[in-house]
Each structure stands twice: as C-alpha cells, then as structure tokens.
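Novice: Protein chains in written order, with the numbering used here: chain A, 1 to 215; chain B, 216 to 752.
Think of the hints as simulated: they come from the structure by calculation, not from any bench. These numbers come from a predicted model, not from an experiment. Fair warning: there could be bad hints in the mix.
[As the list claims (entries may be wrong)] If the Cβ cut is set under 7 Å, some of the chain A residues that face chain B in the computed set are: (1) Asp51; (2) Leu52; (3) Leu56; (4) Leu57; (5) Arg61; (6) Leu64; (7) Ala150.
Where is the CB? At the ideal position from N, CA and C, for every residue including glycine.
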Amino acid sequence: MSLSLHAVSLTLAGAPLITAFDLVVEDGEVVTIMGPSGCGKSSLLAYIAGDLTPPLLGHGRIFLNERDVTDMRPEQRKIGRLFQDDLLFPHLTVGQNILFGMARGSKDQRVEKMRLSLQQAELGGWEDRMPSTLSGGQKARVSLMRALVAEPSCMLLDEPFNKLDEELRTSMRAYVYSHLQSHGIPSLVVSHDKADAPRGGRVLHIRKSGEIVHA
Amino acid sequence: MKWLGGALPLSVFWLAPLLGGLAAVSFTANDPAAWRAFFSHPQIWHGLALSLATGTMGLALSVAIALWIAAGLHGNMAWNKMQQLVGGFLSLPHLAFAVGFGFLIMPSGLIARVIALALGWTTPPPWVTTQDPYGFALLAVLVLKEVPFILWLIAGHMQRPEFSSLLNEQARVARSLGHGDGSIWLRVVLPQILPRLLWPMVIVWVYGASVVDMALVTGPTQPPPLAVIIWGDLNNAQQALNARGAAGAVFLTLMLVTAGLAFASAWRLFAPLLDVFFTQGPSGAGAPRRFAFALLVGFRSLYVAVFLLLFLLSLTGFWAFPALLPPQMQFSAWSELIESPAPLLNSLSLAFVSVAVALTFAIAWFETVDERFDIAVLAFSLAALTLPAILIAQGQYFLFLHLMLNGSWFGVLLGHLTPVFAYVFIVLQGPYRAFDPRYRSVSYGLNTDALRFWAAIKVPLLKPPLLTAAAVGIGVSIAQYIPSQLIGSGRVSTLTTEAVTLASGGNRALLAAFSLVLMAIPLLAFTLATRFARNTP
Numbered sequence: 001m002s003l004s005l006h007a008v009s010l011t012l013a014g015a016p017l018i019t020a021f022d023l024v025v026e027d028g029e030v031v032t033i034m035g036p037s038g039c040g041k042s043s044l045l046a047y048i049a050g051d052l053t054p055p056l057l058g059h060g061r062i063f064l065n066e067r068d069v070t071d072m073r074p075e076q077r078k079i080g081r082l083f084q085d086d087l088l089f090p091h092l093t094v095g096q097n098i099l100f101g102m103a104r105g106s107k108d109q110r111v112e113k114m115r116l117s118l119q120q121a122e123l124g125g126w127e128d129r130m131p132s133t134l135s136g137g138q139k140a141r142v143s144l145m146r147a148l149v150a151e152p153s154c155m156l157l158d159e160p161f162n163k164l165d166e167e168l169r170t171s172m173r174a175y176v177y178s179h180l181q182s183h184g185i186p187s188l189v190v191s192h193d194k195a196d197a198p199r200g201g202r203v204l205h206i207r208k209s210g211e212i213v214h215a
Numbered sequence: 216m217k218w219l220g221g222a223l224p225l226s227v228f229w230l231a232p233l234l235g236g237l238a239a240v241s242f243t244a245n246d247p248a249a250w251r252a253f254f255s256h257p258q259i260w261h262g263l264a265l266s267l268a269t270g271t272m273g274l275a276l277s278v279a280i281a282l283w284i285a286a287g288l289h290g291n292m293a294w295n296k297m298q299q300l301v302g303g304f305l306s307l308p309h310l311a312f313a314v315g316f317g318f319l320i321m322p323s324g325l326i327a328r329v330i331a332l333a334l335g336w337t338t339p340p341p342w343v344t345t346q347d348p349y350g351f352a353l354l355a356v357l358v359l360k361e362v363p364f365i366l367w368l369i370a371g372h373m374q375r376p377e378f379s380s381l382l383n384e385q386a387r388v389a390r391s392l393g394h395g396d397g398s399i400w401l402r403v404v405l406p407q408i409l410p411r412l413l414w415p416m417v418i419v420w421v422y423g424a425s426v427v428d429m430a431l432v433t434g435p436t437q438p439p440p441l442a443v444i445i446w447g448d449l450n451n452a453q454q455a456l457n458a459r460g461a462a463g464a465v466f467l468t469l470m471l472v473t474a475g476l477a478f479a480s481a482w483r484l485f486a487p488l489l490d491v492f493f494t495q496g497p498s499g500a501g502a503p504r505r506f507a508f509a510l511l512v513g514f515r516s517l518y519v520a521v522f523l524l525l526f527l528l529s530l531t532g533f534w535a536f537p538a539l540l541p542p543q544m545q546f547s548a549w550s551e552l553i554e555s556p557a558p559l560l561n562s563l564s565l566a567f568v569s570v571a572v573a574l575t576f577a578i579a580w581f582e583t584v585d586e587r588f589d590i591a592v593l594a595f596s597l598a599a600l601t602l603p604a605i606l607i608a609q610g611q612y613f614l615f616l617h618l619m620l621n622g623s624w625f626g627v628l629l630g631h632l633t634p635v636f637a638y639v640f641i642v643l644q645g646p647y648r649a650f651d652p653r654y655r656s657v658s659y660g661l662n663t664d665a666l667r668f669w670a671a672i673k674v675p676l677l678k679p680p681l682l683t684a685a686a687v688g689i690g691v692s693i694a695q696y697i698p699s700q701l702i703g704s705g706r707v708s709t710l711t712t713e714a715v716t717l718a719s720g721g722n723r724a725l726l727a728a729f730s731l732v733l734m735a736i737p738l739l740a741f742t743l744a745t746r747f748a749r750n751t752p
C-alpha cells in the first residue's frame, strides 16, 4: 500500500498557504509534517481526506495504491483518521464503537474481530463499557483500534498525542506506530512537537513561505 | 437572607397558584358522585381514544417530519438561520393557525375555489374537512404547528458551539470509517439529540391530547375529544357538573401518566433491538437534501398562504363561492375590532405584564439563589408545562373561588404566569448560569459596583437569551385560552376567547381579523427579538 501526493497545494481565500509539493509514503511508513499552528497542516490532512471546507481550497491529485481518489467522497476513500480527541461516540459502547466502521458481513465473525481488537488494546472483555468510563489512554487505544478494523488504505493523524499527559504520550506513540507499521499502513502525522516523529522516520517542515522541505 | 428576594415572590405568585391549583382540583375531584357521573357519561371512552390517538399521532408525525427536514439540512444550512426562519412560525398561536388553515381547506375555502376554477364547479364540494369525525383536521393543524417547534429546538441545540463542533469532528471520523451523510445523521447525530428532546416531546404529546381551543374550532364534535367533554362540564353553571369535570381532568391526567409510563417501558424493552442498526457497519446512505428543502419550502408557503388568506378574509363581506377573489373590500371587521378594544387590550396587557413579571422573577432568582437550587424550579416548570392545562387552570379556578380572584384581570394574570414563567425560566436558565464569572471579577477591579456590572455588562451580553425568553413568553401568553376563559369567567375577554366564540358564529371577517392579530403579535415579538439580538457583541 502507498499514499502519493502529486503537486498538492493549499490556498486560503485565494492566498497560497502551502505551495505545491510531491510526496510518496510507502507501506507501513510514518511520515511526520511539522509546523507552527496556523500553517495549514491540519487543512492539508483535511484535503487528503476530502473534507476541506471553504475558504480553504486544495489542488493536486491524491493516489492511494495507484488509485486516484481526489474526486471521491470522503466516506469512499478509506482513509482512517485520528485526532487529538478520541472522538469515541458517547452513545455507543466500546464494542459498538469498534463495530461502527467494520465492513458488513457475518455477525459472528465481526464480533470475533471486535473482541480480538479489544484484546490488542489491552481491553479484552470491555466491549459493553461506555466510553465515558474509560481513562484517556484506554480511549485513545480504542480510537486507534476503531480506525484499524475499518481496514484503511492510509492513516492521517492530527496531533494525536497532544491531549495525553507526558508519561502516557511516550507509551501511546510506541503503541500507535507499532500497530500502523505492523498493519503496513502508510501514515501521515502532523504535529508541532518534534518528539511525535517516530525514530528514524522522515520529517518534513512547513516553512513560513508555505514551502514544504525535508528536515 | 438575600435568597429570600429571589425565592419569596416566586413562591407566592407562581408556585403557590400552581401547587394550590393542583391541590384544589384533587380536592374537588375527591367526590365519588362526580366519578360515578363521569364514568356513566357515554362518550368518555371514545373521547379518550380520540385524545390519545391525536396526541400520539401528532407527536410521531411531527417528530418524524422535523427530523427528516433536519437530516437534509444538517451541514447544508446554518442552524441560526433555520432558527430565525421557524421561530416566527412556532410563535403563532395554534388556534389562529387552525382558523386560517380551516379557511384554506373547507368546502368553500381557497383550495376548493382554485379547483372549482379549473373544473367549473359552481357549488362547494361535499367535503368533510374541518371537524371531521376522526380528527384528521385537528391532527393536521397540530403537526403543521409542532414541526417548527421541534425544528426550533433542534436548531437551538445544534447552535451551541461545543456541541456542534463535537458533532462535526465526530462526523469527520464517521466519514473516514465509510459512513455517508444520511448514515451519520441516523447513527451519530440523532441518538445524541433525541434524549435532549425528551421533555419537549412530552409537552407536545400532552398538548395534542388535551388541547381545548383548537379542538373546539377544528376537532370532531360528535363525540369530541375528552378534553372538550371536560371543558363543557367546567363551563356549566351547575356545581355537580363542575365536580364531574374535575374528575374528568384528573382521569385524563392519570391516563396520560399511564400511557407515558407504558411508552417508557416499551422503549426500554425494544431499544436494545436498535443496537443491530448501530453496529451493522458502514453505509454510504446520503441525506435527503432535496426532499428536506422541498418540505421546508412547503411549510413556509403554507404559513404565508394562511397569513394572506386571513388578511383577505378580514377585509371581505359576502364572498360567493367559486370567485377566487372577494367582490369588494370593506373594513367593518377592523373597525369593529378597534371600536371594542377590550380583547386586544386585555391580551396585550396580560402578555406584557406576565412577561415582565416572569423575567423579573427569573432574574431575581438567578441573582440571589444558588445555582444548585435551579433544579427544583426546573422540575416545577416542567410540571407546569407537562400537566394538561385543563387540569392546572381549573384547579386555579377552584382555588381562586376562595380568593375572589375569578373574573378579575389579576386572577387571569396569575393563570398566564404559570406557563409563561415556566418557559421563561427554562429558556434563560442555561445561558444565565453559563455567564462567565470572570467578567464580574474583572469589572469589580475597574471601579464598577454590582448594579453597574449587571446593567452595563451582564444584561447587554445576555441580551439574546433575554429577548428570546421575552418573545417566547409573549407567544405563550397570547395563545392562552383555558385560563383566560375559566378564571376570567367571561369577564376578561381576550383575543383567544373572542376567536373561539366567533368560530362558532357566522362573522368570518371578524374571526379572520382576530386570528390575524393573534398571529401578528407573537410574530412581531419574535421579529423584534431577533433583530435586536443581532446587535450583540
């Protein structure tokens, strides 16, 4: 699997925000994009996912596994997302949250898969709990599992560790990146925190001019 | 002792009439002869079935239609615009809308005239429209009136910044998991909104099942809904029949409580079946955008048509059947309305004074009583709005017999204050308590005393909810029929009581004029409130 961006750029009300750049993220690779707040890094992810709203406008093509998804609706792109909030649906149980995005099919198989993924989140047997009864770290792990069982072709992570406390942050990073790599999912992380980049991973910077450069 | 300033006037002028009324009606109904007389009445079971069916169908249809519209407009239209759009509709009194809608659909009404023009009819068709035996006309008016109310409430929730941004983020996640807009509405948004609509839905349901004024004008007559049967007893000069009416109102209330509990347990039992729907996986279902938009346009056109028709009719004398426009204009209805201005003046004074008193009481409460006691006032407010008006108002009538308040303007004012304060308090409580206390700390550091802080900082910042509460209160007071008629004992005539009387007579122009004024006052209040709320920082 791979994610490639061809001449992607962003404008805000007509003014350039991010100038055209190319990027290929390979199978299981995690690329980090760094930049100060307001530089357009979250909007870049929104453009890739397909839900950028005016006055922001994006240009350029987006390919997933050689397939052009630029003109597809967001729900058809199979692009998973993580935000700084866990955004678990508060009216659904932990198990129902996991099942929410899982492809349709035999009920038994789906439930089995949900249980397995909760075990991987170290939350085996917690499927009937409501999200509000979970700790921050537990919610973050469920949120990742919910995205993974939907079998995304790539993942976009928007400051995913920002709201966790210092200790939790280190362990969550390791947890998230190891899962993304073992699933072979190409991933883009945007952050303003250098420590969010996985060791040895590629890091890009958004300059004030809107240019994207390698660190 | 500061809290007394907020709690005392409220207890004396609002809570005491409410609880005293409930005690008085229970006391009057505690009479075996009255219950025997009530149960030997041949029409009560049919009437009860009509009442429950009207209330339940009315609620189900209005919620379904409102949610359909909201689903199509979600993410497509600014909710604040939506709220402005429907705010005017929902403030129109049911009774006035029922009159106008009746003029539209009746055999000699505007719709029949348009068809007559096309098909060459010369006499009105033999339609049964208003006052049909099954109450379809009553149901239709109810639904047309409640859809804007529910939409207005949804818009109110959707506009709260934290809630709407959370829903937007959740929608992004749901989309990334493969769900389309329609699926997101049903599986993510709706389950989080519906619980917030629980009490308004109870209010709509009870209203539909116990409404009197609208049922008198457009509901079935032989037999009528239960509330109308009870109403007949209450307006009778015989004391025995009054007691039978009291028993009937208690009976209707008990039946509503029973049915409500039955709904609640059925929901408990069947809600788990919905889990399948939430967990079956992504669906690309889109939202019914065009359909929703068409429905909204339809609603708007209908309301405008009713308005125009009432206006036209109020200027008309004799208007022979297939003619599409009246032969000549005359102003006799309007001059009659202005020459005997008591109903208009009573309606206006009751509305303005009850709203002013309600706002004063609410603000006095918020400023002097700790927030944790709000729950008690909210509970009593919900009781005032969810118990049938026919129960509360007749209790107040029995209570006021001892206080010599029946037939007085002040007695009617207390009757109006019961629902008006309840609405004002519910509208204001959230925004008033959410006011950022740091503004106070900052102001006190700037040589500002408590009064100046309140008048120069707090009131201007809270202007939008204060104006909305006032507009809602005016709409509520103007629409009151049961307390005005019962407590006023025919001596305090209002626009509503006059309109109901006129509806059974032949003077269409005067009825139209009264209905139009009934609509115009709340609409004006809402328009002004929206307009002045806009100039808020």
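Novice: Sort out which numbered hints this structure fails and list those numbers smallest first.
Specialist: 2, 3, 4, 5 and 6
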